[in-house]
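Trainee: Listed below, chain by chain, are the residues.
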Amino acid sequence: MNFDMSVILDNWPVLAKGLVNTALICAASLPLGLLVGAILAVARLRGGRAAAIAVAAYIELIRNIPFLIQVFLLFYVLPMFGVRLNPLTVSVIALTAYGSAYFAEILRGALQSISPGQTEAGYALGLRYMVILRKILLPQVVGYILPASTNMTISLIKETAVLSTITVPELTYMAQNVIGRTFAPIEIFTVIALLYWALTGALAALSRWLETHMQPHLAERRGT
Amino acid sequence: MFDFSRTLAMFPQFLAGAGVTLGVSLTGFMLGIVIGFVLLWAGRSSWRAVRWLGALYTSFIRGTPLIIQIFVVYYVLPGLLGIDLPPLLAGILALALNSAAFVAEILRAGLTRIPAGQFEAARSLGLPIVITWIKVVLPQLFRNVTPPMVNEFTMLVKASAILSVITVVELTRTAQNIMNITYRPTEAFCIAAVLYFIMLFTCSMFIKHLESKTEASHR
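Going down the list, the protein sequences come from chains A and B. Read in the numbering used here, the first sequence has 131 at position 131, and its numbers run on one by one without any break. Read in the numbering used here, the second sequence has 260 at position 36, and its numbers run on one by one without any break.
Derived by calculation from the structure, the hints in this document are not laboratory data. It is possible that part of the hints are untrue.
[Said to hold, decoys possible] Computed footprint of chain A on chain B; a stretch qualifies when at least three of its residues, placed anywhere within it, have a C-beta under 8 Å from a C-beta of chain A:
no.: 1; segment: 267-277
no.: 2; segment: 281-291
no.: 3; segment: 410-417
[As the list claims (entries may be wrong)] Covered by chain B, per the in silico footprint, the following chain A stretches (three or more residues, Cβ under 8 Å):
no.: 4; segment: 64-71
no.: 5; segment: 188-202
Using N, Cα and C, we set each Cβ at its ideal position, and we do this for glycine too.
Use the sequences and the hints to build the structure in full.
Mentor: Structure, rendered in structure tokens:
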């Protein structure tokens, strides 16, 4: 077998564009997913019975249907209602919906691990729930949420590769294009596998660094 | 707006697709458990190079998208090895290679819950290492890891949808084929989604049941 580096170098601009699109899709859907997930978690915990059931149903639907099917459904269903979106927007919506369900469960698990007495104490002091959440509950669970969310973020990055099936010009789709022109699957798949590996590896390293560097800060807060 | 009549007429095909999905996932999972035990052994090896290779493999599998792994097994592996892999075999192999990394992690985590004293006790009783594993370690390990293993199986069922890109005619591909006949994509994917949901939700209910049982036995 011979490994032809020139194929990679010649097509690097195309692959780099795909990598940038992958990063952009993630960068857009990650904060959106976290935000929607936080709203869902709070709605499930404090929004009353109807909201809790609705959120639980949504989360179970998202978690028990393959992401690929969700993408296809969004891609084909929205036009039926006259909504025409470009594949890039569809991907951000799909990833946000997917990520929010998992982030909501992470956050709910974390919040439920804190004794309800703290929330009650907050209420007794006249604080509103948002203030209790921000000042009392969230600072305690950051250490738990961070590793779980990193894993989820890595999953999201990996799921973006599936978007190639609805012609989103992300890394995998660009790679398939290049392979279609150059017939060099070994070289191209090797290089994009390494690119994904580097991307997720860098993220995992960043999360580990954040975890260790947030411990002194947390310890300080606990001490006072 | 929705018209399920023509799509529903092909319901037996959907069921067959769901059957292939379950079959492919189950075969891949079984093979993945075997490879997972090899990885577990590699992680506990006294040779640093073997440990390092095992860690590298796990990191690669966990750090790259499954669709890329499927492409590599289907398009790259035959070229490297000079063999012809039909889609179904390539799909099962890709699922197995993928789940092995996760299975190995589950097994490793399960092993940490078995006290080292048990290994020492078995050794001081003169039990051969193989008997120790079969009679002492594995029965406890099996009970420890059943819930996360069923969870890993549900991940694999979800992952098997991606096999549609290499023309394995499982549930997702069946839905695509039927969409091409009926020109009704929404209906086809809705039915596929319902079937996936039934399969996966049953599994997650089973996990909840197992977890409550383990919790009860620990009390």
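Trainee: Sort out which numbered hints this structure fails and list those numbers smallest first.
Mentor: 1
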